[in-house]
Amino acid sequence: MILVPITYRGGIYRNNEIVDLIEDIGGYIVQKHVIASEVVLLCFMPQDDVEILRAAAKPLGGEVTDSPLVGTEIAVVIPSLEIHHLPHPACDIAEYLRRLGAKSNMVGLARGVGKRIAALNDEERDVINEHDLAVYVLGNFEKCIEHKMPVLRRGIEAPIVLCGAPDTEALQRCCDPPVDGYIGNVGRFMHRTKETEEITKLDEIVSEITRVLEKKRISIAKDPLSVSPARLMDLIREQVPEIHTVTSPTPLTVQMSGLRVKLPYDSFAEKIRSIGIEDGITIRDVADLSPSRMRDYILVRIRPFSETNVVV
Amino acid sequence: MQSVEYFEVECPEPLGGEYYNQIANDVLLDHNLIRVVHKLHIYVDPGLPVFVAVGVLHKITTLVRVRDFAAVNPLAGKIVLVLANETYLAPMLKIFLQRFGQDHVEQADRFTVILRDVSTDAREIEEIIVADPSESVYKDLIYAFRCIAPEGFRVRRESYVKSKFYFVASEDTLTADVDALLQAKFALMGEVMP
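Sequence lines, in order, name chains Z and V.
So that you can map any letter, position 72 of the first sequence is 71 in numbering that gives the first Met the number 0, and since no number is skipped, the others follow by simple counting.
So that you can map any letter, position 71 of the second sequence is 70 in numbering that gives the first Met the number 0, and since no number is skipped, the others follow by simple counting.
Since the hints were derived computationally from the structure, they do not count as laboratory data.
Mixed in with the good hints there might be a few duds.
Lysine-lysine pairs mimicking DSBU-like chemistry, simulated, CA-CA at most 35 Å apart [stated by the list, open to error]: (1) V/Lys38 / Z/Lys193; (2) Z/Lys142 / Z/Lys214; (3) V/Lys77 / V/Lys93; (4) Z/Lys215 / Z/Lys31; (5) Z/Lys31 / Z/Lys142; (6) Z/Lys142 / V/Lys77; (7) Z/Lys142 / V/Lys163; (8) V/Lys38 / V/Lys138; (9) Z/Lys193 / Z/Lys31; (10) V/Lys58 / Z/Lys142; (11) Z/Lys193 / V/Lys138; (12) V/Lys138 / V/Lys161; (13) V/Lys77 / V/Lys138; (14) Z/Lys221 / Z/Lys193; (15) V/Lys161 / V/Lys38.
Now the stretches of chain Z that chain V is said to cover, found in silico as 3 or more residues with beta-carbon under 8 Å [as the list claims (entries may be wrong)]: (16) 78 to 85; (17) 114 to 120; (18) 162 to 174; (19) 221 to 234.
No residue lacks a Cβ here, since even glycine has one placed at the ideal position from N, Cα and C.
With the sequences and hints as input, model every part of the structure.
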């Protein structure tokens, strides 16, 4: 069963029917937002059944759209958390990605500033590698990007999309070896992105990220995961009641090949490992749990079929 | 930047220069400094690396007096001040307390101050100088240039003499050549370095 990421937007009236329908036909709700009288559901649906949901949503005035960023965790990496990068452009980009369903985290480097002095420490490297993709939002000078990019990408295994003021060709020239995606003409600026031209640029960033993630999805599909991250999310939600007491907006963050569980590793890792999935198969059999470098969270990495010989 | 007589951003990378032009514009606008700046020349060279801003400010003659933000109403045995905004309330109260004493100054609410049994007449109170904005301009300007300059340029030198200012920043130690660079940039504006 192929699950596709979608977004449902509709009124609060009879939204429970939509939630039930999604769950009945084997879909998973990753996030539910109730904003005033509007409901936004970020979910995974079986590919063949999306039309059923569309048909059910129509009389309720709901809208179903494809959202390729749902179920991804993206790091927006900036040289520091100072006024030079915040709130523009870093927050603008992070917020735009969030609107389209991604879970974006801002990673402000401790010593990412300058040309000669820029550096990336091991904690930052590990935190970035825990994400599905890293968007590097750098500055206005080709010379600086060329000089500091090799340092800032050292040890990064997650796909990188590079944003900077030089045009795309110039960015491609100054990255050796190449990164996975480039967006030119998005440098450091100190005003809010509200003009049409700037919004178009944000859309360009999203489409470049989507392209890179699609490539990653294809490579995952060649050796499929033993269990869907969305299914694991559902199981943990059902069997670990403590997750409901977590005040974070996404206590369970779905990634493309895993999950971030926002519970302390020492107290809950064993409990999660022993959760049964199906036919005596437990999470321990299909996934590796490790402590995350982000606080004391748990990082679940699902093993591929080639390692486990099981698909549940 | 229409109110600025001379504004140039010089940079070996033209696109980077354009971005810095926009950044300088946004930051000065956000900090309400556009009206203060008369001439401004910015030079950024990521190769050296160095950031230089030289400029001339307009003469700031406006002093803030009580009449600028409050209506002074003389009544029998008291003077009632009705404030239009609270911006200068604290420095005004400080002056009143020092001048008239605590027993004669009363703040009825956020926007009303009553002076009781004071010998000064209303017109004289209207003319009391409460603040001098030119005192904080230099600080505001340096803060603005810290925002404009490339991040990581933490070695800085700045000066403000007779309405002319300069700001130099780099991530390396500033060399003696910086003075020659500053003089050249002042000369481009038709000014002499102070």
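Now for the hints, and whether the structure bears them out:
no. : hint                : verdict
1   : V/Lys38 / Z/Lys193  : holds, 29 Å
2   : Z/Lys142 / Z/Lys214 : holds, 30 Å
3   : V/Lys77 / V/Lys93   : holds, 19 Å
4   : Z/Lys215 / Z/Lys31  : holds, 26 Å
5   : Z/Lys31 / Z/Lys142  : violated, 44 Å
6   : Z/Lys142 / V/Lys77  : violated, 68 Å
7   : Z/Lys142 / V/Lys163 : holds, 31 Å
8   : V/Lys38 / V/Lys138  : holds, 18 Å
9   : Z/Lys193 / Z/Lys31  : holds, 27 Å
10  : V/Lys58 / Z/Lys142  : violated, 39 Å
11  : Z/Lys193 / V/Lys138 : holds, 30 Å
12  : V/Lys138 / V/Lys161 : holds, 15 Å
13  : V/Lys77 / V/Lys138  : violated, 39 Å
14  : Z/Lys221 / Z/Lys193 : violated, 40 Å
15  : V/Lys161 / V/Lys38  : holds, 14 Å
16  : 78 to 85            : holds (count 6)
17  : 114 to 120          : holds (count 4)
18  : 162 to 174          : holds (count 3)
19  : 221 to 234          : violated (count 0)
This entry does not satisfy hints 5, 6, 10, 13, 14 and 19, going by the numbered hints stated previously.
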